[in-house]
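> So you can see what is in the structure, the chains are spelled out below.
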Amino acid sequence: MTENEKEIQGTRVIEVCSSSDLPPGEVKIVDGPDGMKIGVFNCDGKLLAIEDRCSHDDGPLAEGTLDVSTCTVECPRHGSLFDLETGRPKTLPAYEAVPTYPVIVEDDKIRLEV
Amino acid sequence: MATPEQAVTQRPAEEEGLTEINSDYKEKFGFSDPETGYVYKAPKGLTRELVESISEYKDEPQWMRDFRLKALEHFESRPTPQWGGDLDQIDFDDIHYFVRASERPERSWDDVPEDIKETFDRLGIPEAERQFLAGVGAQYESEVVYHQINEELEKQGVIFLDMDTALREHEEIVREHWATIIPANDNKLAALNSAVWSGGSFVYVPKGVKVEMPLQAYFRINTENMGQFERTLIIAEDGSDVHYIEGCTAPVYSTDSLHSAVVEIIAKPGARVRYTTVQNWSQNVYNLVTKRAVAHEDATMEWVDCNLGSKLTMKYPSIYLMGERAHGEILSIAFAGEGQHQDAGGKIVHTAPNTTSSIFSKSISKDAGRTSYRGLLEIADGASESKSKVVCDALLLDENSRSDTYPTIRIGEDDVDVGHEATVSKIGDEQVFYLQSRGLSEEEASKMIVNGFIEPITKELPMEYAVEMNRLIELQMEGSIG
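These protein sequences, in sequence, are chains A and B. Quick note on the numbering used here: the first sequence kicks off at 1 and runs consecutively. Quick note on the numbering used here: the second sequence kicks off at 1 and runs consecutively.
Misleading hints may appear alongside valid ones.
[As the list claims (entries may be wrong)] Reference excerpt, derived from the structure (chain A facing chain B, CB under 8 Å, subset only): (1) Ile8; (2) Thr11; (3) Ser18; (4) Ser20; (5) Lys46; (6) Gly79; (7) Leu81; (8) Pro93; (9) Tyr95; (10) Glu96.
[Claimed, not checked] In silico EDC-like cross-links for lysine to aspartate or glutamate, where the CA-CA straight-line distance does not exceed 16 Å: (11) B:Lys41 with B:Glu52; (12) A:Lys37 with A:Asp67; (13) A:Lys90 with B:Glu176; (14) A:Lys109 with A:Asp34; (15) B:Lys70 with A:Asp67; (16) A:Lys6 with A:Asp34.
If you are wondering where the hints come from, they were derived from the structure by calculation, not from laboratory data. Glycine included, every Cβ here is placed at the ideal spot set by N, Cα and C.
Please build the complete structure, drawing on both the sequences and the hints.
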């Protein structure tokens with residue numbers, strides 16, 4: 001387990017940051033389990049988390065452009081557009097979904113369930 | 001490209017045909033018109049201002065302007081690819097990115113400016129339209145100068161327009177599908193096309209409509225150091241059927257031009273789309289094209305890709321089989337003569353169960369020409385019980401020619417059936433000797449062997465194009481013996 005990972009009632013939880021540290025239109029990339037990374041996006045108030053890995057060629061995804069009007073992120077390497085709610089690609093060349101994770105806000109803290 | 005008019009009317013006895021093909025590309029296709037009387041010709045070079053002015057000139061919606069500008073950023077931030085052919089010789093600052101030769105696309109040849117019409121007359125396009133096409137688009141430089149579709153098809157709801165007009169008249173449907181198959185940032189050349197695109201075709205075939213005769217687009221570059229960046233989008237609704245043919249030629253110049261198209265095709269459930277290319281650019285054209293299609297459930301997508309001309313072609317039509325029982329086929333011919341490199345091939349990705357595909361590639365190299373087959377076959381997790389066959393054959397006509405094969409196969413399922421065959425051969429002395437013993441000259445014998453080699457693909461072309469394709473191959477073969 002990484003420093004920011006905990007187990008609460010059998011569920012692994014990752015501390016992301018305080019709510020104020022993730023304003024609308026921003027992203028935080030955090031360490032997840034087993035060496036993976038997860039991007040947590042604030043899509044105009046809606047918090048959404050997706051693995052930071054494009055299913056096309058396993059390159060980083062979360063540093064791509066966030067479109068808050070559609071809650072999508074564009075892969076910076078080949079331009080596939082991913083729906084942050086479902087993880088499904090809306091355009092090629094990616095065709096497989098990327099895992100998404102529930103985001104919880106408690107006591108002004110943003111946490112991920114993984 | 002194919003000039004069916006000549007094929008139909010000038011194909012008498014074999015001997016006469018062989019005499020005829022002595023004339024070279026320059027006379028048949030390589031002529032140029034004076035670059036005068038143009039409506040607008042942008043200065044050389046690629047800048048943000050140029051991209052903005054193209055968009056403004058075309059009076060585009062804001063989303064398209066934003067798309068172009070973002071694509072320009074992608075183009076500028078991406079390195080030039082170092083695989084495939086040598087692209088380092090392209091000077092992107094020494095290209096005219098936008099040249100408008102006439103005011104608007106006309107629906108009657110009589111209204112097309114005289115000198116441009118003469119060019120297409122020489123290429124046999126209006127004649128072909130009368131004889132066997134359901135619709136024709138003719139692009140000259142950056143924009144389409146003529147566009148027409150059979151009235152019956154129009155009544156059935158088929159849309160066949162130049163891309164600029166389609167964006168104005170059918171913005172919603174264009175926007176819904178635009179760049180969903182090939183995003184602006186897919187690769188450096190797709191980014192360039194996305195930034196400066198102009199012209200190309202938009203085809204929409206409504207549910208259940210079968211377009212019996214082919215639609216054709218013909219692309220002509222005239223200006224020296226010109227960049228042509230057309231953009232084509234074909235949407236075939238459920239159960240529809242369409243065959244689209246494109247051809248292209250350019251004048252022979254001593255400096256290089258660039259052709260970089262993007263073609264996106266969507267074959268919805270049960271639809272069938274065939275896209276045939278007869279590429280015959282002059283040998284000073286870099287031909288760097290991104291073509292991709294998706295085939296949904298029970299749909300069929302076929303690329304028939306014939307690459308004859310150009311200095312360097314890098315083109316790998318691809319098909320994503322997205323729904324169960326979808327089928328994809330790629331038939332590819334590449335012919336490389338002196339100073340030419342044809343880096344062609346195809347990609348097929350099976351993402352759904354029970355999908356089937358095949359890639360047949362034939363390449364011919366002569367006079368130190370170079371052909372490369374570059375292909376990908378991928379069967380993704382979940383695409384169980386899929387079947388695919390890849391066959392790539394290369395024919396070398398002399399010691400100095402070169403052929404390379406770069407096949408990639410990725411398989412994520414156990415219960416699939418995948419075959420791959422590759423051959424490289426030379427014209428055999430025994431074959432030539434046998435044909436000579438039957439009364440053919442050595443040159444005729446070689447031509448016959450080459451035509452036999454590519455026959456599995458030319459037989460898939462409409463008759464007029466198959467004849468023309470054989471003629472072009474014969475033309476390329478001139479002087480290859482002795």
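> Next, verify each hint and record whether it holds.
Hints, verified against the model:
| no. | hint | result |
| --- | --- | --- |
| 1 | Ile8 | violated (32 Å) |
| 2 | Thr11 | violated (27 Å) |
| 3 | Ser18 | violated (32 Å) |
| 4 | Ser20 | violated (30 Å) |
| 5 | Lys46 | violated (23 Å) |
| 6 | Gly79 | holds (3 Å) |
| 7 | Leu81 | holds (7 Å) |
| 8 | Pro93 | holds (6 Å) |
| 9 | Tyr95 | holds (5 Å) |
| 10 | Glu96 | holds (7 Å) |
| 11 | B:Lys41 with B:Glu52 | holds (15 Å) |
| 12 | A:Lys37 with A:Asp67 | violated (20 Å) |
| 13 | A:Lys90 with B:Glu176 | holds (11 Å) |
| 14 | A:Lys109 with A:Asp34 | violated (23 Å) |
| 15 | B:Lys70 with A:Asp67 | holds (13 Å) |
| 16 | A:Lys6 with A:Asp34 | holds (14 Å) |
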